[in-house]
Structures are given as structure tokens and as C-alpha cells.
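Enquirer: Order-wise, the sequence lines are chains A and B. Just so we're aligned, residue 1 is where the first sequence starts under the numbering used here, counting upward by one. Just so we're aligned, residue 1 is where the second sequence starts under the numbering used here, counting upward by one.
By construction, these hints were calculated from the structure, which means they are not laboratory data. Among the clues, some could well be false.
[What the hints assert, rightly or not] Short derived list, chain A residues pointing at chain B, Cβ under 8 Å:
hint: 1; residue: L140
hint: 2; residue: A143
hint: 3; residue: K156
hint: 4; residue: V190
Using N, Cα and C, we set each Cβ at its ideal position, and we do this for glycine too.
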Amino acid sequence: MSDFTFWVIFSNLLLALRWTIALSLVAFVCGGAVGLLMLFARVSKIGWLEALTRGYIEFFQGTPLLMQLFLLFFGLALFGLEVSPWLAATLALTLWTSAFISEIWRGCVESISRGQWEASSSLAMTYIEQMRYVILPQALRIAVAPTVGFSVQVVKGTALASVIGFVELTKAGTMLNNATFRPFLVYSLVALMYFALCFPLSFFAKKLEGRLNAAR
Amino acid sequence: MTYKLQFGELLPYMGVLFEGLLFTVVLTLISTVAGVGLGIGGAAARTFGPPWAGRVFVIYVELIRNTPFIVQLFFIYFGLPALGLKLSESQAAFLAMTINLGAYSTEIIRAGVEAVPKGHIEAGVSLAMTKWEVFAHIILKQALQKIWPALSSQIIIVMLGSSVVSQISAEDLTYAANFVQSRNFRAFEAYFAVALAYLGLAIVMRAMLRGIGRLMFPGH
Numbered sequence: 001m002s003d004f005t006f007w008v009i010f011s012n013l014l015l016a017l018r019w020t021i022a023l024s025l026v027a028f029v030c031g032g033a034v035g036l037l038m039l040f041a042r043v044s045k046i047g048w049l050e051a052l053t054r055g056y057i058e059f060f061q062g063t064p065l066l067m068q069l070f071l072l073f074f075g076l077a078l079f080g081l082e083v084s085p086w087l088a089a090t091l092a093l094t095l096w097t098s099a100f101i102s103e104i105w106r107g108c109v110e111s112i113s114r115g116q117w118e119a120s121s122s123l124a125m126t127y128i129e130q131m132r133y134v135i136l137p138q139a140l141r142i143a144v145a146p147t148v149g150f151s152v153q154v155v156k157g158t159a160l161a162s163v164i165g166f167v168e169l170t171k172a173g174t175m176l177n178n179a180t181f182r183p184f185l186v187y188s189l190v191a192l193m194y195f196a197l198c199f200p201l202s203f204f205a206k207k208l209e210g211r212l213n214a215a216r
Numbered sequence: 001m002t003y004k005l006q007f008g009e010l011l012p013y014m015g016v017l018f019e020g021l022l023f024t025v026v027l028t029l030i031s032t033v034a035g036v037g038l039g040i041g042g043a044a045a046r047t048f049g050p051p052w053a054g055r056v057f058v059i060y061v062e063l064i065r066n067t068p069f070i071v072q073l074f075f076i077y078f079g080l081p082a083l084g085l086k087l088s089e090s091q092a093a094f095l096a097m098t099i100n101l102g103a104y105s106t107e108i109i110r111a112g113v114e115a116v117p118k119g120h121i122e123a124g125v126s127l128a129m130t131k132w133e134v135f136a137h138i139i140l141k142q143a144l145q146k147i148w149p150a151l152s153s154q155i156i157i158v159m160l161g162s163s164v165v166s167q168i169s170a171e172d173l174t175y176a177a178n179f180v181q182s183r184n185f186r187a188f189e190a191y192f193a194v195a196l197a198y199l200g201l202a203i204v205m206r207a208m209l210r211g212i213g214r215l216m217f218p219g220h
């Protein structure tokens, strides 16, 4: 019965870890791109656009990620769309990430003093030019630490993709547990692998935060 | 052919959904109280406790903050019985939620404690108060006041995260949604309605926490 050595479990989890990393990267990059669009809309001072983004952010920050996954995975299938676990997971994580990250970035943009907006608009810069050449370069410096910090939440969020059957680290852990009946070992290893992925990110974020405070 | 939404199909299951909502609310309430209590203890240990206690809490906080909640839940529910600790799904859910919020609130409250001016501590000590009296009577309230908004949003994040307990069959709101859609096959309607229920819960909780903050720390 005991065909599953420690090494077999470990190597299988490690193989599944690749999917966790891939999903995290895709979600983070796509979420960042959508989040940037949201940011432009959110601080645009166009009433209806701001209201729309506020609603979007409220919905994705105010409902569980698991519910968003279910809505996309089971819901869209009813409308005749074929949704694979990979697609549903990427889509849900992208939307969820964008909602959080655009709020983080909005905080950074709003910490830039009003004078910068006024000076650039007195130079007849358009909204996009103001953002591109004046505001974002300054906001970026403040944004790095919280953005890195949020990437930890994205990595942890990918664990929920296991629920809709996407085989990443958590799902692989569940499957290995079902085959080996060694839950303590399997879930310890799964937790340690997430830790190995997330701890350097949170450590780095904290370091960046400290450096930024020292520079002030 | 286009699909027609039929929210009416949910009506016969309102009782089930309401029970789920109730479980989620109770789960959040109890684990918030226990978790924040744990956080206060952790913050005290990290700032005023002996070095070994501080180190234990550092490891605890980092382990929890850097692993997904669902893995913590699976570890408690499936992993701990191997060590002889068998928990029901509700017990596992309560324990996992408390441990999770405990770690985050330790870190948040610690930041508040460290923001209290040194002079206040010295003033307390000069009145012959012990370290713990200073913590309980002088530091804690100021610390909580400073970090109340951060703690409030963490409590809401944990409430939303509680949907994961459905995966060990604890009968919360998400479990109810799964149950309903397995009966009437109206997946989108069930999940959409429940997502809105969570949204409502989050908005109500935010307002309530703000109110509690105003009551506890008047003048701010």
C-alpha cells in the first residue's frame, strides 16, 4: 500500500506548484493592466465613469473571491459559453486583482499634491499627458511596496481555483491526500510551499516600505 | 437560444439560504471576538512579553499570513485528526477563522501599540503601574483607536474569506448556494443572489464597525 514515498508526494506537489506560479503571474499581470484602466477611470473626474468604476470595485471587493469564481465558472456556462477551469480562474482572479490594485494605486495617485495637477494643467497638458508624464512617475515610487505586498494576496487567492477543479498546488494536495491518506504530511508540505513562495514577497515588501520611509 | 434568468426559482429555498446566512454571521461574530482577543494577546506578547513569546508570535503571524486560508482550513480539518485531534466541520471552521484573524490582528494591533508615544508608557510606569497595567489601561485603547479602520477592513476580509468553509461542508451561506444550485440547477441565479447577500453583509458590517468605533472612541 505504501507506494507513495515522501519523495513522490514532494515532487508531485512541486510540479503542481508551477501552475500556482503561472496562474499567479497571469492574474497579477492581467489584473495590473485592467487595474491601470480602472485607475484612469476612477480619477478621471468624469462623473458617470467614476461611479461605474466605484460600483465595479465595490462589487469585487465586497463579495468573496470564491463566489466570483462560481459565478464565472457555473454562471457563464448557462449562457452557452464554454468555460474551462483555467479560463474561469484567470478571469476571476484578474477581475478581483484589478479591483484591489486600482484602489491601492488610487491611494498613491491621490497622495500626489494638488499643485502637480494644477501646474501640469496650466501647461495645457491633457489628462492622459498629466498622468503619463507628471503624476504616475511620482506615484509609482510610492506604489511599489504595497503592490508587492498585494502580490502575496494574489498567490494565496490562486488556491481557490482548486475549488473549480483547476489542478494547482492546493488541488494537487487534495488529490495526493486522497491517494495516500497522509493528510498531515501533504497539507504541511502544501502550506510550506505557499510559504516559500509568499514569504520572500512579503519580506521584500516590508523592506521596500522601510526604505521609502527612511527616504522621507 | 438565450438563457432567461429565473430568480423566482430561488424562492422555495429562502429558508436554506437564510440559515446559511445566519451561520456565516455567527461564524464571523464569534471568530472576530476570539480572533481580536488573540490579536491583543499577541500584540502584548510581541511588545511587552518575554523574547521567546515574541518569537513564537512572529512565527505564528508569518506562517498564517503567508499561506492561503483554504490550506489552513484543510490542515486543521483533515491534517489534525492524524495527530488525534478530531474536529467537526463547524469546530474546524471556527478554529481556522480565529487563528487566521488572530494572526492579522496581532500584526495590526502591534503597529498601533508601537505608535503610542513613549511618554505615556513612562508616565504610567512612574505611577508605579506594572507593565501589564500600563498595557491594559493606557496603551490598548489608544492602540485600538489608531488601527480601528485597518482592523475593521481586515474583519470584513475575513468574513468574505469565510465562504471557503463551505469546502469542508460547514453549512454557511456559500454551502447553501451550492445546495440550492444542485437542487434547481439555477447556478447563476443562486450564486448571484448569494454574492449580493455577501455584498450587503459587507456594507452593513462596515457601517456597524464604524459605529462601534465611534462609540468606543468618542471625539474621533
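Enquirer: Checking hints one by one. Is L140 of chain A an interface residue toward chain B, by the C-beta closer than 8 Å rule?
Expert: Cβ of L140 of chain A sits 24 Å from chain B, so the hint is violated.
Enquirer: Was the hint right that K156 of chain A lines chain B, CB cutoff 8 Å?
Expert: holds, 4 Å
Enquirer: Is the interface hint for A143 of chain A satisfied, with its Cβ closer than 8 Å to some Cβ of chain B?
Expert: violated, 19 Å
Enquirer: Does V190 of chain A hold up as a contact with chain B if the rule is Cβ-Cβ below 8 Å?
Expert: At 5 Å from the nearest chain B Cβ, V190 of chain A passes the 8 Å test, so the hint holds.
Hint check: violations occur at hints 1, 2; the rest are consistent with the structure.
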